[in-house]
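J.: Let the sequences and hints guide you as you build the complete structure.
First to last, the sequence lines map onto chains A and B.
If you read the first sequence in the numbering used here, its first letter stands for residue 1, the second for the next number, and so on.
If you read the second sequence in the numbering used here, its first letter stands for residue 1, the second for the next number, and so on.
What the hints contain is simulated information worked out from the structure, not anything from laboratory work.
Some hints here could point you the wrong way.
[To be verified] Partial chain A-side listing against chain B, Cβ under 8 Å, derived: (1) E7; (2) M8; (3) V9; (4) S34; (5) M35; (6) K36; (7) M37; (8) E38; (9) I39; (10) P40.
[To be verified] Over the 12 Å line for every Cβ pair with chain B, so calculated as not near, a few chain A residues: (11) V15; (12) T17; (13) T18; (14) D24; (15) P46; (16) T48; (17) V49; (18) G70.
Fair warning: this is a prediction, and the values are worked out from it, not measured in the lab.
Quick reminder that beta carbons are idealized off the backbone N, C-alpha and C, glycines included.
So you can see what is in the structure, the chains are spelled out below.
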Amino acid sequence: MAEVRAEMVANVWKVVTTEGTAVDDGDTLVILESMKMEIPVLAEAPGTVTKLAVAEGDVVQEGDLIAVIG
Amino acid sequence: MTVLEHPMTAADPAHPDAARDPRQPRERLGALFDAGTLREITPADASGAQAGSGQIDGMPAVAFASDPGVQGGAMGTLGCAAIVAAYDEAIALGAPVIGLWHSGGARLREGVESLHAVGTVFAAMTRASGVVPQISVVLGPAAGGAAYGPALTDVVILSEAGRIFVTGPDVVRSVTGEDVDSARLGGPEPHSRRSGVVHLVTATHEEALAQARRVAVLLGHQGTLVPAAARAADASGPDLAAMLPDSPRRAYDVHPLVNGLLDEPGLELHPKWAPNVVTELGRLGGRTVGVVASNPLRLGGCLDATSAEKAARFVRMCDAFGVPLVVLVDVPGYLPGVGQEWDGVVRRGAKLLHAFAEACVPRVTLVTRKAYGGAYIAMNSRALGATRVFAWPDAEVSVMGAVAAVRILHRRKLAGVPAERRHEVEAELAAEHEKESGGLARAVDLGVIDEIIEPGRTREAIATAIAEAFPSRGVHGNIPL
Numbered sequence: 001m002a003e004v005r006a007e008m009v010a011n012v013w014k015v016v017t018t019e020g021t022a023v024d025d026g027d028t029l030v031i032l033e034s035m036k037m038e039i040p041v042l043a044e045a046p047g048t049v050t051k052l053a054v055a056e057g058d059v060v061q062e063g064d065l066i067a068v069i070g
Numbered sequence: 001m002t003v004l005e006h007p008m009t010a011a012d013p014a015h016p017d018a019a020r021d022p023r024q025p026r027e028r029l030g031a032l033f034d035a036g037t038l039r040e041i042t043p044a045d046a047s048g049a050q051a052g053s054g055q056i057d058g059m060p061a062v063a064f065a066s067d068p069g070v071q072g073g074a075m076g077t078l079g080c081a082a083i084v085a086a087y088d089e090a091i092a093l094g095a096p097v098i099g100l101w102h103s104g105g106a107r108l109r110e111g112v113e114s115l116h117a118v119g120t121v122f123a124a125m126t127r128a129s130g131v132v133p134q135i136s137v138v139l140g141p142a143a144g145g146a147a148y149g150p151a152l153t154d155v156v157i158l159s160e161a162g163r164i165f166v167t168g169p170d171v172v173r174s175v176t177g178e179d180v181d182s183a184r185l186g187g188p189e190p191h192s193r194r195s196g197v198v199h200l201v202t203a204t205h206e207e208a209l210a211q212a213r214r215v216a217v218l219l220g221h222q223g224t225l226v227p228a229a230a231r232a233a234d235a236s237g238p239d240l241a242a243m244l245p246d247s248p249r250r251a252y253d254v255h256p257l258v259n260g261l262l263d264e265p266g267l268e269l270h271p272k273w274a275p276n277v278v279t280e281l282g283r284l285g286g287r288t289v290g291v292v293a294s295n296p297l298r299l300g301g302c303l304d305a306t307s308a309e310k311a312a313r314f315v316r317m318c319d320a321f322g323v324p325l326v327v328l329v330d331v332p333g334y335l336p337g338v339g340q341e342w343d344g345v346v347r348r349g350a351k352l353l354h355a356f357a358e359a360c361v362p363r364v365t366l367v368t369r370k371a372y373g374g375a376y377i378a379m380n381s382r383a384l385g386a387t388r389v390f391a392w393p394d395a396e397v398s399v400m401g402a403v404a405a406v407r408i409l410h411r412r413k414l415a416g417v418p419a420e421r422r423h424e425v426e427a428e429l430a431a432e433h434e435k436e437s438g439g440l441a442r443a444v445d446l447g448v449i450d451e452i453i454e455p456g457r458t459r460e461a462i463a464t465a466i467a468e469a470f471p472s473r474g475v476h477g478n479i480p481l
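T.: Quick look at the structure:
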């Protein structure tokens, strides 16, 4: 069970994955927008997205949960 | 004066298992050096540590190892004298010194005498700082004085079984009531991601020794730079420009670019701590270089308090040992926010300015995509004394991105533009702004960028700049910033 959390304040620009999707290490989960850049958030371990905590347009703070990979 | 607590595991040739205990200093030192090259500087005894010299890939090196079989490897007067003897030998030879740590800290039963002895080890390490490369391999618990020993050295490697803490779980529990296991307190996870104490974590102790050998050779036997080899790599190696995404706004992982630039993938230090800046040792054109690279994938590649400190220490280490620096810049700025200000981004960011400005080694900067604001200055800019500053043709160098700049400069005008047209007007204004402020051409005119280079000759350009520079080296220690 790995929690993926936001590293910085950002807008959720695109949600690429969905709950229940199988992901590999390095797969893009969501793309954040911050510092005028599009910053992909990647899975750090293979597994299944058991929880997706953000939607497009959300604002995440540093440390906020983005997804859980089980 | 010293007491054998575990005579079964101490050097006792009469005991059938003695020769096979892989934790014995002699066994560990033997495994570190090239086979058959270990020469003992101090004897195998009950002092708690042993020193020896030998070779690593044929290069002279010195090492010492704690003896966990005697009072848990605790450091007493004689054991500390063995470590200091290793340092004396390393300095006499000008060779790297490697510590293999597995020790509970100062010997309780020797009292203040052992504290004094541990202090002499710290003093020896500090005298050697910046003079010879110092590498620590933590193979078991390293507590108290045995934690600060590694912390004073240039590169710390932790094997999976290694633990580093000032006070162990038992003391923490009895003093603060906090219940914590040793892995959470001072194992690979906290030290690789949170504390920055450890540069490298390995799964096994064999791998830890192999990494120590690799660091020792990279720093101790740096090789000769052959620009022709770098030119050949430009022709045959991976296309570096292809490693950038099509959209200038899209973040990407810089590791393939760093490793593609080097002759072969290098050795990244602190890979999980402050990952928004990559610090990596490797070879370019056959010579050791240190690479400092913004990593846009993490925090957009922003500089922040922790990454500035990490890079500053790396820069100072490379400078002290004469390792030229290659700085790959794609930086949007310093990370803004209350957290950063309270974390001391001003104080800790200043360390990077100081480190680059004082560095004597050849240091070459390449702006791959963008260099904005204060972070532009900090990433080895011309003003800080860069040997050469290159930029790829599409790179941007400015106080901030053109679009962001016009949003400030033309705030009122843009407020009157209907939302559906705003993007278009911003783009027009940005193009105009770039023309006026000069963009890359203006940076070249000013001399803050020496040359715009095609990505296809990046390796040659960097290698030639290093080869033509005076091969100087900073005269200073490597304080663990």
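J.: Next item in the hint list is A/M8. Is there a CB on chain B closer than 8 Å to its CB?
T.: holds, 5 Å
J.: With 12 Å as the threshold, tell me whether A/G70 passes as away from chain B on beta-carbon distances.
T.: holds, 19 Å
J.: Any CB of chain B closer than 8 Å to the CB of A/M35?
T.: Holds. Min distance 4 Å.
J.: Is the shortest C-beta separation between A/V9 and chain B less than 8 Å?
T.: At about 7 Å, which falls below the 8 Å cut-off, the nearest Cβ of chain B leaves the hint on A/V9 intact, so it holds.
J.: Holds or violated: is there a CB of chain B closer than 8 Å to the CB of A/I39?
T.: Holds - the Cβ of A/I39 comes within 8 Å of chain B, reaching about 4 Å at its closest.
J.: Next item in the hint list is A/S34. Is there a CB on chain B closer than 8 Å to its CB?
T.: holds, 6 Å
J.: Please confirm whether A/V49 is truly not at the interface, meaning its C-beta sits more than 12 Å away from all C-beta atoms of chain B.
T.: holds, 20 Å
J.: Taking the minimum C-beta separation from A/V15 to chain B, is that value above 12 Å?
T.: holds, 16 Å
J.: Closest CB-CB distance from A/P46 to chain B, is it above 12 Å?
T.: Consistent with the label, A/P46 stays out of reach of chain B, its closest Cβ about 17 Å off (over 12 Å).
J.: With chain B as the partner, please determine if A/E7 meets the hint condition of a C-beta pair closer than 8 Å.
T.: holds, 6 Å
J.: With chain B as the partner, please determine if A/M37 meets the hint condition of a C-beta pair closer than 8 Å.
T.: This interface hint holds because 5 Å falls under the 8 Å limit.
J.: Would you check whether A/K36 satisfies its interface hint, that is, whether its CB is within less than 8 Å of any CB in chain B?
T.: Hint holds; A/K36 Cβ to chain B Cβ min 6 Å, cut 8 Å.
Going through the hint list in order, the structure satisfies each hint without exception.
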